[in-house]
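So in full-length UniProt numbering, the last one in the sequence shown is 114, and the numbering has no gaps at all.
Hints listed in this document are in silico derivations from the structure and should not be mistaken for laboratory results. Keep in mind that the hints are not guaranteed to be accurate.
What the hints assert, rightly or not - Derived PhoX-like pairs (lysine-lysine); straight-line CA-CA distance at most 25 Å:
1. LYS110 - LYS92
2. LYS81 - LYS110
3. LYS63 - LYS101
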Amino acid sequence: MDQYWKEADTFKRSALAETCLEHKIRMKPPAQTQRVTVWSRPLLGWHRINTDASCNPSDGSSKCGGILRNHEEEWIMGFHKYIDICSVLEAKLWGASIGMKMAWELGFTKSRWN
1 MDQYWKEADT
11 FKRSALAETC
21 LEHKIRMKPP
31 AQTQRVTVWS
41 RPLLGWHRIN
51 TDASCNPSDG
61 SSKCGGILRN
71 HEEEWIMGFH
81 KYIDICSVLE
91 AKLWGASIGM
101 KMAWELGFTK
111 SRWN
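I would like the entire structure built from these sequences, with the hints used as guidance.
Next up, the structure:
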């Protein structure tokens, strides 16, 4: 799946470059940015729900997924879902909703979503 998104990104960049050449617009190379994400463990007796979502700009199809971990950083359960056509914000909300429902159905009443 990663390869699909890399190819889609390359296609978008080449299409943008072609448009810039047609209109004689200068285009800067993409800036290299790094983002450090740190997972913080929940308190004893609590569970953490981490979710993410994506939206394909060419057809609007969206997906979400997530995992549930305990205070010892152990993986409890995960999920993924194809949502159909919606915005990335709606897909993120779907992920939060599914993750919280999953935790509740497993009996984890002390859960925090990120």
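Do the hints match the structure? See the list:
1. LYS110 - LYS92: Roughly 21 Å between the alpha carbons, so the hint for LYS110 and LYS92 holds.
2. LYS81 - LYS110: Holds - the C-alpha atoms of LYS110 and LYS81 are around 24 Å apart, at most 25 Å.
3. LYS63 - LYS101: With Cα atoms ~17 Å apart, LYS63 and LYS101 stay inside 25 Å; holds.
This entry satisfies every hint, going by the numbered hints stated previously.
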